[in-house]
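Enquirer: Chains as they are written, first to last, in numbering that gives the first Met the number 0: chain A, 0 to 261; chain B, 0 to 267.
Hints are supplied without guarantee of correctness; some may be wrong.
Mimicking DSS-like on lysine-lysine, the simulated pairs with C-alpha atoms at most 30 Å apart in a straight line are [stated by the list, open to error]:
hint, chain 1, residue 1, chain 2, residue 2
1, A, K151, B, K21
2, B, K231, B, K248
3, B, K257, B, K231
4, B, K253, B, K231
5, A, K151, B, K231
6, B, K21, B, K231
Because the hints were derived from the structure by calculation, they are not lab data.
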Amino acid sequence: MAWISGGFVVLLCMVAVLAPLLLSPDAPFQISNSVLLAPSAGHWFGTDDLGRDVLLQVIWGTRISLIVGIVSALAAGIIGLVVGAISGYCGGLADAMIMRTTEIFQVMPIFVLAALIVAMAGAGETRIIAVIAGLSWPQTARVVRSEVLRIKGLGYAEAARCLGISEFRILVFEIIPNAVGPVIAVSTLTAAFAILLEAALSFFGLTSSDTISWGSTLSTGQRLLYTAWWLSVFPGTLIFLTALAFNMFGDCVREALDPRSE
Amino acid sequence: MTTETQPARPLLDVRSASISFKQQHGAMVHAVRSVSFAVGAGETVALVGESGSGKSSLARLVLCLTRPDSGEIHLAGERIDHLSNRELRTRRLLMQPVFQDASAAFNPRRTVMQSLEQALRCSATPPVDMRPAVEELLEQVRLFPASRLLNRFSHELSGGQRQRLGIARALAVNPRLIVADEPLSGADVSIRGQILDLLIEIQESRGIAYLFITHDMTLARAFAHRVLVMYKGEIVEQGTTEQIFAEPKNEYTKILVKAAASIDDVAA
Chain A
0 MAWISGGFVV LLCMVAVLAP LLLSPDAPFQ ISNSVLLAPS AGHWFGTDDL
50 GRDVLLQVIW GTRISLIVGI VSALAAGIIG LVVGAISGYC GGLADAMIMR
100 TTEIFQVMPI FVLAALIVAM AGAGETRIIA VIAGLSWPQT ARVVRSEVLR
150 IKGLGYAEAA RCLGISEFRI LVFEIIPNAV GPVIAVSTLT AAFAILLEAA
200 LSFFGLTSSD TISWGSTLST GQRLLYTAWW LSVFPGTLIF LTALAFNMFG
250 DCVREALDPR SE
Chain B
0 MTTETQPARP LLDVRSASIS FKQQHGAMVH AVRSVSFAVG AGETVALVGE
50 SGSGKSSLAR LVLCLTRPDS GEIHLAGERI DHLSNRELRT RRLLMQPVFQ
100 DASAAFNPRR TVMQSLEQAL RCSATPPVDM RPAVEELLEQ VRLFPASRLL
150 NRFSHELSGG QRQRLGIARA LAVNPRLIVA DEPLSGADVS IRGQILDLLI
200 EIQESRGIAY LFITHDMTLA RAFAHRVLVM YKGEIVEQGT TEQIFAEPKN
250 EYTKILVKAA ASIDDVAA
């Protein structure tokens, strides 16, 4: 499982990195007379209603999906790690205030809010990333907090305190390295969620018209589902597989990072 | 309690220390109530009592991991309970803990070498050359062959080896007092004996004092110079080991002594 999901994630990353090197940036936008061709040797994934190659669109879309997924997960992970560590380690008033804040975030419908913000502020990957990171860090923060609370009472944290090591160093060198496993698991879930959210927003047309992503291709496809199935099936399957692969890969990474597992 | 059982110039002096905790549903638990005792240099004092009697809370108080609500803790003639963590730093090295749960006592991301190096670096005079210093520590606690253990992680060691490693870490900073919270409760009988022998040997060579927390009266009798009996957060009786076992005065102590005697009968 680790190899399959990890291999798939690596493959996607390679596609995303190599695409602009091997293809001209206009290639996916190239309009032609060969409209709505079924998958064939010339067009493996067929063509859309403007005669554009679906394979090229899907390859180009990989970039958007991966950037949005990975960057927003990374940003949410870092914010959550810092906030959660402060909350768990300081305790008291700071902890209470941070935890109430995360609870407010948890009852917010992320998709609706993201759609609202993007619709009002305008589309763009950076905004989508900011919205996803800004709304999903509380999950990571809560996980980190509970880990920090658990670890700070363990023997090695107390032993470090008895050795006169400063609280800051204990937090950074003893506690946080042992709390990152669950953070990575949560972050891969965030990445999968971000990819789905970006696809959904593009599907509803909430992206700029000059970017191609899996969601926007899918959106074209659903209008033509009965005449050109390939427009929906290929990007849809990729969204599904990518979200799945990120989830599974996250589980494997977390297990691999746990020094006690075999 | 007679005055001659108290050491003249105690290393550790706890004066009417109390601490209470608030439970989740708001009730206060008085874990330690106005406890006073002293530990002299090079002496072994056993703190006995059943689970929940406040022994571990008292150990944490002594180690300044929690601060008393009232009372004073003096270490080597200096009051330490009101010092800030920064001020405590160097004083803390005089006393070191050995924990009950040896599997959680070491950072799972550090090797044996890294854990002991961390401790050595905290000592008053950190060695320049770490590797031989770490190997020497391992040999002192009879962990052989030291060179083969250096790159292992603590979870790759056996329970007994881990407990020895815990003792080695405590020794790294040359403490004068070791606070050991049930250090033998996880080990099987043969390993208990070996670790007990090791502790006695270390005491003889280094003159270290032990505050030895245990629920096991037979262990206290075999090992301790003096015994403190704790019940419901209070020290109900203290005296030399002979006194406590020969003529216990407190009712609870009598029950403990009697129970220990009957275990001995079964063993014999």
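Enquirer: Look at each hint and say if it fits the structure.
Expert: Now for the hints, and whether the structure bears them out:
Between K151 of chain A and K21 of chain B the alpha-carbon distance is near 19 Å, which keeps this suggested pair within the 30 Å criterion. For the hint pairing K231 of chain B with K248 of chain B, the CA-to-CA distance comes to about 17 Å; that is within 30 Å, so the pair holds. Between K257 of chain B and K231 of chain B the CA atoms are separated by roughly 19 Å; this keeps the pair inside 30 Å, and the hint holds. Between K253 of chain B and K231 of chain B the CA atoms are separated by roughly 16 Å; this keeps the pair inside 30 Å, and the hint holds.
Only pairs whose Cα atoms come within 30 Å are accepted, and K151 of chain A paired with K231 of chain B is accepted, the gap being roughly 27 Å. Under the criterion of a C-alpha separation no larger than 30 Å, the hint pairing K21 of chain B with K231 of chain B is consistent with the structure, at around 16 Å.
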